[in-house]
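Order-wise, the sequence lines are chains D and A.
So for the first sequence, this note's numbering puts the first residue at 91; every next one is plus one.
So for the second sequence, this note's numbering puts the first residue at 28; every next one is plus one.
Hints in this document: simulated from the structure, not taken from any laboratory.
A quick note: this is a predicted structure, and the numbers were derived from the prediction, not measured.
Think of the CB as a built atom: it goes at the ideal place given N, C-alpha and C, for glycine as much as any other residue.
Among the clues, some could well be false.
Just the calculated beta-carbon pair ranges, DEER-fashion [as the list claims (entries may be wrong)]: (1) D:THR150 - A:LEU101: 32 to 42 angstroms; (2) D:LYS187 - A:THR142: 48 to 58 angstroms; (3) A:ILE31 - D:THR175: 38 to 48 angstroms; (4) D:LYS192 - A:ALA136: 34 to 44 angstroms; (5) A:ALA136 - D:THR175: 37 to 47 angstroms.
Some chain A residues close to chain D (C-beta under 7 angstroms, calculated; not the full set) [as the list claims (entries may be wrong)]: (6) ALA44; (7) VAL48; (8) LEU124.
Listed below, chain by chain, are the residues.
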Amino acid sequence: MTVGLEHYLILSAVLFCIGLYGVLARRNAVVLLMCIEIMLNAVNIALVAFSRYIVPMFLTGQIFAIFVIVVAAAEAAVGIAIIITIYRRRESVDVDKFDLMKW
Amino acid sequence: MSSIVFWLLAILTVGAALAVVILRDVFRAALSLVLLFLTIAVLYVTLYADFLAVVQILIYVGAISILIIVAVMLTRDVWHGSPPGKLRVPALVVSVLLLGTMIFTVVSAKWPTSTEPPMQPTTAAIGNSLFSQGGYILPVEISAVLLLAAILGAIVLMREK
Chain D
91 MTVGLEHYLI LSAVLFCIGL YGVLARRNAV VLLMCIEIML NAVNIALVAF SRYIVPMFLT
151 GQIFAIFVIV VAAAEAAVGI AIIITIYRRR ESVDVDKFDL MKW
Chain A
28 MSSIVFWLLA ILTVGAALAV VILRDVFRAA LSLVLLFLTI AVLYVTLYAD FLAVVQILIY
88 VGAISILIIV AVMLTRDVWH GSPPGKLRVP ALVVSVLLLG TMIFTVVSAK WPTSTEPPMQ
148 PTTAAIGNSL FSQGGYILPV EISAVLLLAA ILGAIVLMRE K
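The shape of chain A in the complex, shown without the other chains (with noise of 0.2 angstroms):
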């Protein structure tokens, strides 16, 4: 059952993601971008991560893509399309080399894989571990800092002089 949803899902996202490079439509490249977005949600809830899946969707389903349509939107080459570079064949050549040397370095390693069940309520764990003392508040905070500096840096470069 859990293989038949996999695979499903594994098609689905292999799919958008081709549409996102491949299609000349830029419009229709963002809306395949979202169905990738969602697919990958459903991922994550196969893999038992329940909390980033709800973040996924609203980050991403919610936000960057919203973003990124009222970005086709604002530049006006939505007409003009998506042209291919002219570096097609190497950007092939090199992505297939790199997609081999991955599969066969993941398919002969020796993973130590655990049996044991995983958290199945996820909330309340990833919280203790990202505000604890000995977690990782002080990544929290770097990310708030950044965070701060990417709105700055936009709100900047998006003023009318």
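Pulled out of the complex, with its shape left as it was, chain D reads as follows (with noise of 0.2 angstroms):
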């Protein structure tokens, strides 16, 4: 059995099943950036192979991965920067315990 474009979408799937599930119930907020990025790099992997397997001779998944990529970098800088100034002010990465516009 070759593989084909079913096998890349399932396993980006998977992936973005699993930072899903990641994102939902873990409390680190580290943690859950990271979850992040794992959902993010799923869907690169799905851009990547619509972009193999149905217009081969165009570019475009790839180059939306490529956007993609840009936009990451830019979450997980400014992800990292608000992580770290609530770590300042409240000594903890607890996401429970970020409650300060909780009403």
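Fit chain to chain and form the complex, with the hints in mind.
See the structure below:
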């Protein structure tokens, strides 16, 4: 059985759901950020697989993946800055204790 | 041959992702995240995306993993670990349901796959379509503004008062 588009898409779906579980179930904010990176990488795999198997003569999917990487880099930088700022004030990275804006 | 490589990579990738989610030690989770980024770079190579594989190694393995490890070390909850939250069971249910839906959709859909050979060196083609007139020059400029805003935001947030 040769490896086709479906294999890559299912791998991407599995990675996305693992990342989603991590985002919903963990409490450490840094681990949450790592899980978001897993989800973004899963989406990138799907985009590149579509680009390879459906439109191999264009590179649209790969260019989209480049823009996703750019946004992920910006998100990681700002997210880690926010986490470290909150850690300085509250001495904790537990998201259950980030309830400043909760009424 | 290529299918063996794919299955090996798939097992490594899913194992590394599970390790990130399950391990209590945040530092070990960060290290398995680096392994995940590396295996995804090799997956890009199997999809004939050579430029993206190098970008993945440079940005994810090089920059983002260092950023995350520095964050792990600056926030000293390393010894406290990453305790599981209260929403463990609902989270598991939601992700398994979503996974089932996605796999069902992927398997039952008729994908219009093309049999043409993939473009082999992609770097020049990507550069042409990113920077040419009718291409993606406007998104490139917008992402430059986004990166500048992100850098300024990070500096403003981290500055000591």
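Tested hints:
1. D:THR150 - A:LEU101: 32 to 42 angstroms: holds (39 angstroms)
2. D:LYS187 - A:THR142: 48 to 58 angstroms: With Cβ atoms ~55 angstroms apart, the hint holds.
3. A:ILE31 - D:THR175: 38 to 48 angstroms: About 47 angstroms separates the Cβ atoms of ILE31 (chain A) and THR175 (chain D), which means 38 to 48 angstroms holds.
4. D:LYS192 - A:ALA136: 34 to 44 angstroms: Because 41 angstroms falls inside the window, the suggested range holds.
5. A:ALA136 - D:THR175: 37 to 47 angstroms: The hinted range 37 to 47 angstroms holds for ALA136 (chain A) and THR175 (chain D), with Cβ atoms some 44 angstroms apart.
6. ALA44: holds (4 angstroms)
7. VAL48: holds (4 angstroms)
8. LEU124: It is violated, given that the least Cβ distance between LEU124 (chain A) and chain D is near 9 angstroms, above 7 angstroms.
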